[in-house]
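Trainee: Please arrange chain B on chain A, whose structure you already have, making use of the hints.
Protein chains in written order, with full-length UniProt numbering: chain A, 1 to 441; chain B, 1 to 170.
These are calculated hints, taken from the structure and not from any lab test. Glycine included, each C-beta is placed from N, C-alpha and C at the ideal position. Each hint should be verified, as a subset may be incorrect.
Claimed, not checked - Result set (SDA-like, lysine to any residue): computed pairs, CA atoms no more than 25 angstroms apart in a straight line:
1) A/Lys252 - A/Gln242
2) B/Lys108 - B/Leu37
3) A/Lys403 - B/Gln95
4) A/Lys330 - B/Leu37
To be verified - Here are a few chain A residues that face chain B, going by a calculated C-beta distance under 8 angstroms:
5) Gly327
6) Arg360
7) Pro394
8) Ile397
9) Gly402
10) Lys404
What the hints assert, rightly or not - A few chain B residues that face chain A, going by a derived Cβ cut-off under 8 angstroms, partial list only:
11) Gly43
12) Trp94
13) Val99
14) Pro138
15) Gly139
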Amino acid sequence: MSLARPARCLFCTFSRAASAGPRVPSRQFHLSSIQLADRKPKLPEFNPPEGKTLDEVYRDLKLEDFKPYTEEEKAALKEEYTPEQIAAIEAGEAAIDPKDLHDQFRLRRDPMRLKYLDDLSSIEPGVDKHVRAPKTNADYNATFKSDDDLMEDFVQYFINSPEDPEPADLVRFLETNRVTHGKEENELNGHSAIAPNFLNEGETLEKMGDNVEERPRYRTREGELTYVNPDEPTEQEKKLFQVTGYSRDYIKTLYLKDLVVRRVSNQTRLGKIPSMSVLTVAGNQKGLMGIGIGKSDEIIDACQQARARAIKNMRPVPRYENRTIFGDVKGKVGAVELELMHRPPGFGLRCQHLIFEMCRAAGIQDLAARVNRSRNPMNTVKAAYEALMSQRDPEEIARARGKKMVDVRGVYYSGRKIFKPWHETPRVGGPRVAEGEKKIE
Amino acid sequence: MSLVNLSHVCSHLNNACKARLGLTSIPNSKLHLKLCLALQNDGLLSSVVRGGPTPPPMHPILGTPNAIDESEGLEPLTQSNIATRRLWLGLKYWQSEPVLGKLTMVSKPTRRVTIDVAGLRRVIRGERSETVEGIRSPGEALYLSTDKGILEARECVEKKLGGLVLCRIR
Numbered sequence: 001m002s003l004a005r006p007a008r009c010l011f012c013t014f015s016r017a018a019s020a021g022p023r024v025p026s027r028q029f030h031l032s033s034i035q036l037a038d039r040k041p042k043l044p045e046f047n048p049p050e051g052k053t054l055d056e057v058y059r060d061l062k063l064e065d066f067k068p069y070t071e072e073e074k075a076a077l078k079e080e081y082t083p084e085q086i087a088a089i090e091a092g093e094a095a096i097d098p099k100d101l102h103d104q105f106r107l108r109r110d111p112m113r114l115k116y117l118d119d120l121s122s123i124e125p126g127v128d129k130h131v132r133a134p135k136t137n138a139d140y141n142a143t144f145k146s147d148d149d150l151m152e153d154f155v156q157y158f159i160n161s162p163e164d165p166e167p168a169d170l171v172r173f174l175e176t177n178r179v180t181h182g183k184e185e186n187e188l189n190g191h192s193a194i195a196p197n198f199l200n201e202g203e204t205l206e207k208m209g210d211n212v213e214e215r216p217r218y219r220t221r222e223g224e225l226t227y228v229n230p231d232e233p234t235e236q237e238k239k240l241f242q243v244t245g246y247s248r249d250y251i252k253t254l255y256l257k258d259l260v261v262r263r264v265s266n267q268t269r270l271g272k273i274p275s276m277s278v279l280t281v282a283g284n285q286k287g288l289m290g291i292g293i294g295k296s297d298e299i300i301d302a303c304q305q306a307r308a309r310a311i312k313n314m315r316p317v318p319r320y321e322n323r324t325i326f327g328d329v330k331g332k333v334g335a336v337e338l339e340l341m342h343r344p345p346g347f348g349l350r351c352q353h354l355i356f357e358m359c360r361a362a363g364i365q366d367l368a369a370r371v372n373r374s375r376n377p378m379n380t381v382k383a384a385y386e387a388l389m390s391q392r393d394p395e396e397i398a399r400a401r402g403k404k405m406v407d408v409r410g411v412y413y414s415g416r417k418i419f420k421p422w423h424e425t426p427r428v429g430g431p432r433v434a435e436g437e438k439k440i441e
Numbered sequence: 001m002s003l004v005n006l007s008h009v010c011s012h013l014n015n016a017c018k019a020r021l022g023l024t025s026i027p028n029s030k031l032h033l034k035l036c037l038a039l040q041n042d043g044l045l046s047s048v049v050r051g052g053p054t055p056p057p058m059h060p061i062l063g064t065p066n067a068i069d070e071s072e073g074l075e076p077l078t079q080s081n082i083a084t085r086r087l088w089l090g091l092k093y094w095q096s097e098p099v100l101g102k103l104t105m106v107s108k109p110t111r112r113v114t115i116d117v118a119g120l121r122r123v124i125r126g127e128r129s130e131t132v133e134g135i136r137s138p139g140e141a142l143y144l145s146t147d148k149g150i151l152e153a154r155e156c157v158e159k160k161l162g163g164l165v166l167c168r169i170r
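Here chain A stands alone, though its shape is the one from the complex:
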């Protein structure tokens, strides 16, 4: 019994019942679909000529049965094939002697037969593309027969009826004669009342009738046609653009990384309800960085949430010479206590992967880190974020103390400033000098 088909509604019993054979007053007590194809002849199968076995076929083959194509057949071939293909076919025909063909022709049934001769008339499951049943039996182009058409049906019936018609035949004709043009399934077993086809294909509540515009289709990267425009931003993206003020192109250039992906579960009285939690870092690799956490039943949804939040949370990270941090900073979240240390140019990022990705997103190139006590991934990321954001600006310190400050590293030879402050344009290049001390005088 199939549950795929919805239960029939009460009113359906008043409408004309779908019966394939002669109508018998019976109610449908099961959910399996009605066999509609009974009345139709099945697909033509390969049947040997009636009254002949395969051996007889072989025996009766004559040499005359293998003859070259006639002119009519050649004309038919010409419609189907290109001249080169026809030439190939003719060459193949000419290469085989009809006598050999007659002698050796055999339909092999033994297990050693060659198996490359595919029977393309049948659908082989697992090899061929699966052919599914139509989603609906509805035929949008079905029309009712006019009076003339019905009259013609009657005339045909009476012409074809035998000499002495029985009343049962007439009843059968009346019950099985179709009243619509179009697909037979539509008339016999159309849409159900539970999921009715209110609208035709392509119709909306605003636009109904004949002049329905065809919805545009778009090609995805994989080459499939969909109704979803890949260039059109989703609702979530639109909201993000609105909140952040970033353009779509800019967001595409951002560095995004899902750092922590884990399955979490909520224990309720109904049992454990699992969901996915994702922590993402986003940055423009030029001093902006943010982290975001997303939770959802689906991993993809959680990732999208986390990424949107990370982009929304992007804040400027102070960078010394656009490559490292100002001084050593510490962060603590939960039991994770970590320390980030500035390093000279060319040192690289010598730290664990989570902090590495964060520094990469922020555009920090020289850094060392030490994570003490716990190393919980999520708290590590949070603590590193806290540490990076807790950097103190030397300019602010100097102003607070009422002192003038000179960055010794930024002064080279004749007092020419080589490195611009971190909040100005990114550094182009400069001589590599030893790490100097930032002196507050």
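Mentor: Below, chain B alone, put in the same frame as chain A:
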């Protein structure tokens, strides 16, 4: 030179900064006074005034204690009142954060740490020298007691002086 009292001063200043006090007092001693003057010289304290048990009169506009008050004048320091003298320190804040970050003792009463010039050079370059950690953050400072008074680590290197490492400011 009592490092116990100096430790108490450091803790007291940390607590006063956390409580966002504008004015606080510490016991008077030559060591405390010199250190406070060094801190004031570096812009970490707004004022250092030696006064009695009550806070000194405030400047009408600046809101900080006056070293020399015009109306009452400075109370002279005598043998009879020296025991009751206290140092009144004006604390600074910038953008609701204390300018005097965190004071920690380097030398302890049970272990005094001295450092020579070579070690100090390494320290101000950000490297560690024996038990003294390098100065690695902007605004960090190390105060030493030397023959020429209490000086900051960089001044000590300028003057090629070593000495007893007192405290560190972060």
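Trainee: Each hint should be assessed against the structure and marked as holding or not.
Mentor: A quick look at each hint next to the structure:
1. A/Lys252 - A/Gln242: 16 angstroms, holds
2. B/Lys108 - B/Leu37: It holds: about 22 angstroms lies between the C-alpha atoms, which stays within 25 angstroms.
3. A/Lys403 - B/Gln95: 16 angstroms, holds
4. A/Lys330 - B/Leu37: 30 angstroms, violated
5. Gly327: 3 angstroms, holds
6. Arg360: It is violated, given that the least Cβ distance between A/Arg360 and chain B is near 23 angstroms, above 8 angstroms.
7. Pro394: With Cβ-Cβ at 4 angstroms, under 8 angstroms, it holds.
8. Ile397: Because about 4 angstroms separates A/Ile397 from the closest Cβ in chain B, which is inside the 8 angstroms limit, the hint holds.
9. Gly402: With Cβ-Cβ at 5 angstroms, under 8 angstroms, it holds.
10. Lys404: 11 angstroms, violated
11. Gly43: 3 angstroms, holds
12. Trp94: 3 angstroms, holds
13. Val99: 5 angstroms, holds
14. Pro138: Given a least distance of 4 angstroms, the restraint on B/Pro138 holds.
15. Gly139: Status holds, d = 4 angstroms.
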